[in-house]
Amino acid sequence: MPNWRTATAAAVLLVASGLTPLLGRPALASQNAPQAAAGHTAADVQLFYYPWYGSPAVAGSYRHWQQGGHTPPDDIGADLYPELGPYDSGDLAGAVTQHMRWIQRSGAGVIVYSWWGQDSYEDRLAAGVLDTAARFGIKVAWHLEPYTGRTAASTVADIAYINSRYGNSPAFYRDAAHGDRGAFYVFESLRITDWTALDQVRSSSIVLAQTTDTTKVAHFGGMYTYDGIAGATAPGWKGASDFCKANGLIWAPSVAPGYIDDRAVPGNTTPTLGRGNGATYDTEWQNALAPATGGDPSWVSVTSFNEWHEGSVIEPASSTPPAGRGYQTFDGAYGRTGADAETAYLDRTKYWVDRFTGTTTPPANPNLAAGRAISASSHTQGYVAGNANDGNAGTYWESANNAFPQSITVDLGAVSDVTRIVLTLPPSSAWGRRTQTIAVLGSQDGTAYSTMVAPLGYTFDPGTGNTATITFPATSQRHIRLTFTGNTGWPAGQVSEFQVYRT
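Per our numbering, the sequence shown starts with residue 1, numbered consecutively.
Check each hint, because a few of them may be wrong.
[What the hints assert, rightly or not] Label pairs and their computed distance ranges (CB to CB): (1) A474 - D445: 18 to 26 Å; (2) A292 - V453: 24 to 32 Å; (3) A127 - A292: 40 to 48 Å; (4) D119 - T196: 22 to 30 Å; (5) A400 - A290: 25 to 33 Å; (6) L190 - S476: 55 to 63 Å; (7) A323 - T459: 15 to 23 Å; (8) A57 - D194: 25 to 33 Å; (9) T270 - G324: 54 to 62 Å; (10) G179 - A127: 22 to 30 Å; (11) T485 - H178: 56 to 64 Å; (12) T270 - P405: 36 to 44 Å.
These are calculated hints, taken from the structure and not from any lab test.
Heads up, the beta-carbon is just placed ideally off N, CA and C, and yes, glycines get one too.
Given the sequences, and given the hints that come with them, work out the whole structure.
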C-alpha cells in the first residue's frame, strides 16, 4: 500500500522489484498442477494483496524490491525477507500459485487487489491473477489506489471498466449478502471531497471509504481503515461500526500483525509497531471483533498479505534471510521457531477466521495460560495480574515498586507437559529496552514449588518485539510462577503477556 507514513503515494511508485532464480528455495508447483484440496475459506475476511513486484526473469527488470535505494536480490526495501525471495507478481505458475495456496491455508476467501488505473502494470497482470485465484476458490475485490489525476468521475469510470473487463471471471468477488455486488475499497478517499458521482454505481458495486469519520462517507457503501498502526488502539472504530449498522453500510475494520518500513523509507522517524511475537495481531483482531471497539463487523480486512515495504505481511517471511542486512524474521511468533515460524501468521489468521465465522479449529500449539486463573504477589494501581494473560499486549501487570522480589503465578487448569514460556511487554517504542531478572518455578498442587529455571536476565527490546523466551526441558506442571528480582528499566516486575507452551 502507499505508505501512510510518507508524504505522497507517488514516492512508493518510484521503486522497482524482482525475483532471481536459484535462491535455494524448493521448486513451486506447476500452474497446471491439480489444485490443492480446498479448506473452508471465509469471504468476509479479505487480504490486501500487492501485484506490483517484478523481476528480470519475468518482467525484464526489478520492480519495487529496490525501494529505499536497495539492490536486489539479497538487498531489498523491506525489513523482512520473503520466503520466496524477491519474486515477480507476473510469475503465475510460481509465486502467484504459491500465494493462492497460502491464502487458502489462511482461511481468508478474498484478496483485495491493489489497482493503479487502466492499463497500469497492476491492471495488465490482473487477468492472470484472477485465473490463478479461481483455481483455488479465492475471490478478488479491488483496492482503488490514488494514481495521479484520480477523481470521483474517473473512479466511477474505473469501476465500470473493472466490472466490464473482469466481471465474468469466476474469481470476481460479489457479496451475496448485499445484492451480489462487487467490492471496491478507495484508498485515501479523503483526498476528494465530493463523491456524488458514486451514486451512479451504487446498484452494482459496494464502494468503501478509507475513514472512520462518518461525515465523510455520503455516497459510499461502507467504511474501512487500512491503517495497521491505528488498529492497535482502534480510534473511532466503535462510532464507525455503529454508524454503518444504523445505515445499512459495510463496516470492514483493518487488522495488521505489525508495521515497520525503516529499510524502505530510510531516515523515517515516525512510529513503527512491533509484532510482539503475534500479540499485536491478536490485539487488533480482538479490537475488530469486540463489541466495545469494532463489534460484529461485516467484513474484516487484513493489512496485508504482502505489503513487504511496510512490514505488515502475513505471507511467509524467510527464517534464514541473507546475512548482514539486518532483516527480521517471524521467529518466536506464537511460540514457533525457525522454518516452522514462517507460516505462523497464516495459521493464526485461520484461527481468527474460525473465531469470526463461528468455526472451531483449535490451534496446533495453544497457549496454555490464555485466560487461566492468574495471581500475583502485588500490583500497582490498575496493573493487575489478569492483564498478563488477557490476550491484549497493550495491557500489563506491574508489581509494587521498589519491593523486590515479586511474583506472578498462572494456574494452567491441569497438569501439563511444558517446555517454553514466552513473555512480552507492550509492543511500543515508548517502552525502552530493559533487562528483567526472572526465575521460573513450577508446582503440580499449587503448594510445593520447585525451581525450573534459575534466575537469569532476560532482555526486552522494542526493536525486536519486546519479547523474551524461556526454554527448559519438558516438565509436568500445573502452576507456573515467575519470580522477579530485578528490572533495569523500572523498579518492578512487568509483563503484558505470560504465555506457556507444550513445545
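Consistency of the hints with the structure:
no., hint, result
1, A474 - D445: 18 to 26 Å, "19 Å, holds"
2, A292 - V453: 24 to 32 Å, "37 Å, violated"
3, A127 - A292: 40 to 48 Å, "43 Å, holds"
4, D119 - T196: 22 to 30 Å, "27 Å, holds"
5, A400 - A290: 25 to 33 Å, "30 Å, holds"
6, L190 - S476: 55 to 63 Å, "57 Å, holds"
7, A323 - T459: 15 to 23 Å, "22 Å, holds"
8, A57 - D194: 25 to 33 Å, "45 Å, violated"
9, T270 - G324: 54 to 62 Å, "26 Å, violated"
10, G179 - A127: 22 to 30 Å, "25 Å, holds"
11, T485 - H178: 56 to 64 Å, "58 Å, holds"
12, T270 - P405: 36 to 44 Å, "39 Å, holds"
Going through the hint list in order, the structure does not satisfy hints 2, 8 and 9.
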